[in-house]
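Starting from two chains that each stand alone, build the complex the way the hints lay out.
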Amino acid sequence: MTERQSRPPTTDELLRLVIESAHDYAIFSMDPEGLVTSWNSGAERVMGWPAEEIMGRSADVIFPAEDRAAAHQEREQAAATGRAEDERWQQRKDGTRFWASGLLMQLEDRSQGFTKILRDRTEHHLAEERVRLSEERFRLLATNIPQLVFRGLSDGSRTWPSPQWIDFTGLGAEASLGLGWLDAIHPDDRDGTVAAWHAAASSGEYYFEHRVRRRADGQFRWHQTRARAIHERDGPPIDWVGTMTDVHDLRGLQERQKVLMAELQHRTRNLLAMTQSIATQTLRRTASLRDFEREFARRLAALSRVQGLVTGVDYREVDLHDLLTAELQAHDGKHLDSGRVRLAGPALLLPAAAAQALGLALHELATNAVKYGALARDDGRLTVSWRIDSRGSERVATVSWKESGVPLSGVPERSGYGRELIERALPYQLGAETRLDFEPDGVRCTMAVSLQGPTDE
Amino acid sequence: MNEALKDKRILAVEDEYMLAQELARFLEEHGATVVGPVGTVKAALGLADRETLDAAVLDVNLRNQPVYPVAERLIERGVPIVFVTGYDELLMQRPYIGLPRCPKPLDKEALLRVLAREIAGRAGAR
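Residue numbers (numbering that gives the first Met the number 0), protein chains in the order written: chain A, 0 to 456; chain B, 0 to 125.
Excised from the complex, chain B in its bound form (with noise of 0.2 Å):
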């Protein structure tokens, strides 16, 4: 088993029930502590203001708002994200184009692998 994400806090954002469960499951399955999963740009703010965090993976469309005021708060905090989203890469705002991103469905084990190598970069730079 992967030990990338064990004991890690990791912000969840998806919109999707369904979705938000399985991505849910799957990181407390690798050992992660799940912040979340919340479903709007108002409850994911709050969590991100608020909470300590290893990591989060941001579903780019929420109700049809976008996700980007979150990215831009844990930018701003330092936490590394992982975009999840049916847009390609040209369709994404400009300033987060670069950023590491997860097409829809999710393939968990890429997910897993992006999560890994940006938590471990983090630790990197401290």
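One chain only, chain A, in its complex shape (with noise of 0.2 Å):
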């Protein structure tokens, strides 16, 4: 090497080459009245401003025209405190605006005004207002929507829960940091809670149902709390993001409704079981297939009956005077309205069991009556009068069905079947007291069931 070669840069040199080579940086200064003095490639290239077009003429061009006015100001504070910083948008020659940072010094020659250090930081600015844009569009949605919101780690401890949660629980935004939400679920439900957050940390998922104290009443409501991890690209989650969803009244309708399935298939089974008896009592005491299939029909439109009254009031009870009506009306509708039958007693509600049992034992004297007793005649009457009476703590209704005018030749009740059914029938399955008589001019029976509906006793 030379000498002249090793001859160091002078100061001036070196500053040239950086404000020169400073590419991003748009390096310019201004006399005291805001006028272009020097203006570097960086800055023709932010700013599209050639140096020979804007040399002379007023810097204030790169601010937009509504704001031109913080041009001035900056450079008053700047003279007032040697330097101004702004983070604003600009202009360039082109109209097309760009985000600068910027760095606005005074001189230490006054009189030489000032120098500017600028970046076009717009696509930053951009990212910058993504980010905020979509925290804010996830506070919107976390504080607005009717699930309790969280934000929390891989060992289950918050650091964010939203205003619902604390408006649920009544647990304070600082008390349910870390794990001190868990204060809030109940304590048979905590361990599992937690277990779950262990088994979360691997699948990046959780899910757990647990009870959830509310403020308002002290109540442990049922949530579904499900979670998901946000992970940095291809590292570890960073940070997890969880609703809690009140299931508690669709629990409780999922297990009556469990019930009811439960229910209908058991009544369902035994009516379908009723109905295979009906057919095997009616094939013993009938003498033809005809016979046959006309009484079947007849029992099984009588069992049908009795099922539309019971599911027409919910499973429950059945008014006596609705049975005995459908059950005569079925038979013919004349005999109601012939002045010839008199139904008479107070309202009485009948437990389905006792209304299903009841109904049958009615079905076999209506037919009997209609084919061979006081409605197979002109002069017969048919009274089914009723009443309730309480034996200790006990209601006891009593059914009387009495026929007169028929002049009875001893013929007992035709089948045996309606026999079986109020003589042993009702008192198997009701623990009912019955009788049934063929008097002198016609038939008598009487049916005491209880009202307490289905008991052991």
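It should be emphasised that the hints constitute simulated quantities derived from the structure, not laboratory data.
Errors might be hidden in some of the hints.
In silico negatives: residues of chain B with every beta carbon more than 12 Å from chain A [to be verified]: (1) 13; (2) 17; (3) 36; (4) 72; (5) 74; (6) 75; (7) 97; (8) 104; (9) 117.
From the structure, some residues in chain A lie toward chain B, with a derived Cβ separation under 8 Å [said to hold, decoys possible]: (10) 114; (11) 264; (12) 265; (13) 268; (14) 269; (15) 272; (16) 276; (17) 279; (18) 280; (19) 282; (20) 286; (21) 352; (22) 423.
From the three backbone atoms N, C-alpha and C, an ideal C-beta is built for every residue, glycine too.
Encoded structure:
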């Protein structure tokens, strides 16, 4: 190397090199009035003004028209304090705007004016803006949905509870942080809640159902909690976001539906079993298949009528008057209006089981009356009366079926099926007291049934 | 004729009279001595305590009371039981889920096979 070549560069040279090569930085100077006195290549690149065009002109053109006053204020500030920083939208020669981060400095020799360094930070600014908007959207969503929202870490600790959580549990934001939120979880559910967090760490998904205390009334209400991990690209979870949904009423409905399904299934199978039994009993007592077909269809229809009444009031109670009317109408409506049938008694609701068994018995009595008894002739009469008595704490309904005007030649009830229903089935199934007699002028039947509903007694 | 039930004492528990009659008649036709039939938990418990029994056929729901106390007593005594029920397996109470069960309406031949198997199993265990 020669001596010439080894001469160190002067400070001015160095400065010029730096300024010339700083393509990303706009560096320019202006006199005290703001007229441009130097303009580097970075300034040309960032703001679109070639140096020869802007030299000697006001540097204020890089401010958007509506914002020009700020240019003057900045110079005043820099003159007073030595420097002025700003972050703002500025304008290129072609009118497009860019987000600039700038620093204006007063030169030592005040008469020389100022120098300004400025960077185009548009990309960075927009990215920041997107993050801000995205966070704003999250907050808006998180604080306006009915669910209780939270953010937390992989160990289940929480870093942010939504206002809904604070409202619902009465647990403040501070108190809810870390594992403090577990205070609002039912003590019996806490271990499971924490264990599920351990399991979630590997799967990246949290799911658990537990009871959360509601401040308003102290009730523990079932909630379904879900959360998912947010990962840095290919990294471990850095954040969890989750929701807690009140599923208390839903769970109640599901339980109830299960009970109803079981009940429905039980009743359906029982009904089929009854049908099977009626078929067998009828078959045993009929001489021909033609008789069987007729008798079986008739009994099935009676069963179906009673079922209609029982299910019509939600599997509960059946009005005896309705039951009788339906049965007599099924045989022939004219009997009811003939004046020869009298139904008399107080309002009487029968439990479903009693209604079903009594209905089938009344059907057999009515069939017999229409074929051979009071309703088979013009001068016959039928009175069905009932009353309710108290026996201790028990209420007992006594139904009395009384036919008259029937010259009876000692013919017992025809098939024996009805007799068996009344004399055997009702006592067996309902603990009923029954009596069936064939008096000289017609059938008498009394049936006393407890109204307490199905019990073991 | 299947002889498996011959001279066996079988408790019949069913709250529907006609079904109880059918069941009793069927068991008797196969040579069994029917204890009952009865249709309440109370009556069934009485028989389960007192009577010598080789097997029991139990309707699960008796006037809305579960028959389970009767089942429990019979299991204590080592009496084989067969449930007859309109309930699905899953709806039965937990400890009884695995026990023999015939669905309603009753397939009597199937009941006969299950009873024969249970009675034979008990004899083998002794």
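The hints, checked one at a time:
no.: 1; hint: 13; in the structure: violated (9 Å)
no.: 2; hint: 17; in the structure: violated (4 Å)
no.: 3; hint: 36; in the structure: violated (8 Å)
no.: 4; hint: 72; in the structure: holds (15 Å)
no.: 5; hint: 74; in the structure: holds (20 Å)
no.: 6; hint: 75; in the structure: holds (20 Å)
no.: 7; hint: 97; in the structure: holds (19 Å)
no.: 8; hint: 104; in the structure: violated (4 Å)
no.: 9; hint: 117; in the structure: holds (22 Å)
no.: 10; hint: 114; in the structure: violated (84 Å)
no.: 11; hint: 264; in the structure: holds (6 Å)
no.: 12; hint: 265; in the structure: holds (4 Å)
no.: 13; hint: 268; in the structure: holds (3 Å)
no.: 14; hint: 269; in the structure: holds (5 Å)
no.: 15; hint: 272; in the structure: holds (4 Å)
no.: 16; hint: 276; in the structure: holds (4 Å)
no.: 17; hint: 279; in the structure: holds (6 Å)
no.: 18; hint: 280; in the structure: holds (6 Å)
no.: 19; hint: 282; in the structure: violated (12 Å)
no.: 20; hint: 286; in the structure: violated (20 Å)
no.: 21; hint: 352; in the structure: holds (7 Å)
no.: 22; hint: 423; in the structure: holds (6 Å)
Violated hints, in rising order: 1, 2, 3, 8, 10, 19, 20; the structure is consistent with all others.
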